[in-house]
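Protein chains: 2
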Amino acid sequence: MDYFPPALERLVEQFAKLPGVGRKSAQRLAFYLLNQPDQAAQEFADAIVQAKAGISCCPVCQNLTQGEGPCPICASPRRDRGLICVVADPKDVVAMERAREYQGVYHVLHGVISPMSHVGPDDLRVTQLTQRLADGQVREVIMATNPDTEGETTAMYLSRLVKPFGVKVTRLAYGIPVGSHLEFADEATLTRALEGRREM
Amino acid sequence: MDYFPPALERLVEQFAKLPGVGRKSAQRLAFYLLNQPDQAAQEFADAIVQAKAGISCCPVCQNLTQGEGPCPICASPRRDRGLICVVADPKDVVAMERAREYQGVYHVLHGVISPMSHVGPDDLRVTQLTQRLADGQVREVIMATNPDTEGETTAMYLSRLVKPFGVKVTRLAYGIPVGSHLEFADEATLTRALEGRREM
Chain A
8 MDYFPPALER LVEQFAKLPG VGRKSAQRLA FYLLNQPDQA AQEFADAIVQ AKAGISCCPV
68 CQNLTQGEGP CPICASPRRD RGLICVVADP KDVVAMERAR EYQGVYHVLH GVISPMSHVG
128 PDDLRVTQLT QRLADGQVRE VIMATNPDTE GETTAMYLSR LVKPFGVKVT RLAYGIPVGS
188 HLEFADEATL TRALEGRREM
Chain B
8 MDYFPPALER LVEQFAKLPG VGRKSAQRLA FYLLNQPDQA AQEFADAIVQ AKAGISCCPV
68 CQNLTQGEGP CPICASPRRD RGLICVVADP KDVVAMERAR EYQGVYHVLH GVISPMSHVG
128 PDDLRVTQLT QRLADGQVRE VIMATNPDTE GETTAMYLSR LVKPFGVKVT RLAYGIPVGS
188 HLEFADEATL TRALEGRREM
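Just so you know, the sequences run in chain order A and B. Each number in our numbering corresponds to the 1-based position in the first sequence with 7 added. Each number in our numbering corresponds to the 1-based position in the second sequence with 7 added.
Bear in mind the hints are in silico, worked out from the structure with no lab data behind them. The reader is advised that the hints may include incorrect statements.
Copies of the same chain look alike in the list, so a pair counts if it fits in one copy or across any two.
To be verified - Below, a list of computed lysine to aspartate or glutamate pairs in the EDC-like style, where the Cα atoms sit at most 16 Å apart: (1) Lys31 <-> Glu16; (2) Lys24 <-> Glu50; (3) Lys24 <-> Asp45.
Could you build all of it, start to finish, from the sequences and the hints given here?
In structure tokens form, the structure reads like this:
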């Protein structure tokens, strides 16, 4: 016998489906929503439906965008279309933009090559990238996938695919993070930081 | 400048409002939903709306119930209406029912007296409890609030309020949890377990 009312049980189940949310947390979240004003719960429900309905991928860079047509970054006249930064995920675009340094455009792969998870190049937005290079307007492609095994593999694979188009292919620099302590840096990072040392 | 599309940003904000969900987790949850089929997202939204609309408090025991009228426990002819178990929260009813031992009915306070959080008896379903005692049908009230300061305070306050109705007032037993190890029991629990020892 179930002791929660069925409608509450269904809400708990929905929350429990979310990644990293167990049954106990799901109960807590469901009870929280139940104790909110009707309007707050309605806003939550609306936000889900509207996000699903209103968001699609930019036909140029494959980043998430609202409505039809290119995303604001691809549409901006101030962006350098000769420079493409390849990232795995829309969140990485947000991280890059936060640095306020990059003036080029992006290409979002929506994942990385991962044989362990059965993700190959065909599951990523790879052909959309090579199509963008076909007209010869692009000078440089920056590989900005994560510095882990899968990110490296993906960057390596793409660089081989992209070089025949006659573009420069670069990779984000490795090194010690700004504001960190040497003593906490791992060996691999320190080795890379040494290798990449620059004259002052 | 915000780099997420507005509809996605709103969904992230909604998730971030939930207790224990920070901005990073909220992003992760929003992206997860965005990657689900339309139907799954719609089911989530529906579950929120239906839980809010369909769930109310049982007019007798104040536990959460679906639809109008008394909850299934209050409506059950097999339950002993002379025995009321007072709990702080609907989740505590679920915990009690899971033990499959209790045959009486419940009263859900929806909180505990907590001067620190500005919660007094008037914020709880206390008058609804005394109203249930008025007709003299109730023999015993079991105080099953949590064994912490606030739960104790609440049990103490209610017991003084309830005794004038001529009902027996009891409190759940304290002691070492079944299946635990003595070495891990705290002093307060061990003291209570000693005080409450029974002849074998």
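Here is how each hint holds up against the structure:
{"no.": "1", "hint": "Lys31 <-> Glu16", "verdict": "within (12 Å within a copy, 27 Å between copies)"}
{"no.": "2", "hint": "Lys24 <-> Glu50", "verdict": "between (20 Å within a copy, 12 Å between copies)"}
{"no.": "3", "hint": "Lys24 <-> Asp45", "verdict": "between (23 Å within a copy, 15 Å between copies)"}
Violated hints for the displayed structure: none, as all numbered hints are satisfied.
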